[in-house]
Amino acid sequence: MSLILNSKKNTLIVRVDGDFDLVTANEFREKIDHSLEETVSQNLLLDLTKTNFIDSSGLGVILGRYRKVKANQGEVIICGAKPAIVNIFEVSGITSLMPICNTEEEVWELLESKSVRGA
Amino acid sequence: MDKIVNNKIKLEFMSIGENVALARITVAALVSQLEITLNDLEEIKVAVSEAVSNAIIHGYQNKPDGIVTLSASLKGHTLILEIEDHGVGIADIQKAMEPAFSTDPERTGLGFVFMQSFMDEVKVFSQVGSGTKVILTKQISADLKNIAVS
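Chains as they are written, first to last, in my numbering: chain A, 1 to 119; chain B, 1 to 150.
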């Protein structure tokens, strides 16, 4: 798995390329926690367009980051996930916690609407 | 024409995380000998990943010198997977299979939920101090409109 990270509009954007399992979950946790602090980002956008596989180890670290981001009044939003991965999210119930968008544009619209409502 | 495959593999590997991918890719290659939908293929890969991750994390408690044995057999359209470790075993199998039963906040406790959701049958045999064997069974039926490209 490789991770491409950048930040924009108070949001850490993470593009996850490859398989997301027991091995890669540790790398994900370390890099994201470090970058959330470094960039002082409130929100986390996970772009899974190039993610081929996820299991409960991957979901576990996403949920761990969700708790951290929520504790800071931020949002975790997922976009670009393939149907097989959306199926995993649905079975796990994670879809009731964080929005799953088709595209990054939808994510920005959603964050915009939340900030307007919160203003 | 509908493909009938009878085949069996057995794989033994060290209890390290890198072998989780090895196990699921091996099983995916085996079941791809059948006409299988992409959805079924992905679900089988998740179930294998969960069973092998459990053997490594819980059975061997992340110690790398344990041996995990994976047997996979195709009998017609039936896939039977056996994942066995000789680790610490499970004291209360019923509790271990409950959703979100995990002592680690970074884990979901959904491993068995995924195995049960994605396979037709999940059997767990375990003895404390001796190890655990998980048997997963799934009927694979071809949906010609959604066949995975193998």
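Heads up, a few of these hints could be off.
Pairs of lysine to aspartate or glutamate residues, derived as EDC-like cross-links and limited to a Cα-Cα distance of at most 20 Å, are as follows [said to hold, decoys possible]:
1. A:K70 / B:E35
2. A:K31 / B:E106
3. B:K138 / B:E18
4. B:K63 / A:E27
Hints listed in this document are in silico derivations from the structure and should not be mistaken for laboratory results. Remember, it's a predicted structure, so these values are computed and weren't measured experimentally.
Here's how the hints hold up against the structure:
no.	hint	verdict
1	A:K70 / B:E35	44 Å, violated
2	A:K31 / B:E106	15 Å, holds
3	B:K138 / B:E18	25 Å, violated
4	B:K63 / A:E27	19 Å, holds
Violated hints, in rising order: 1, 3; the structure is consistent with all others.
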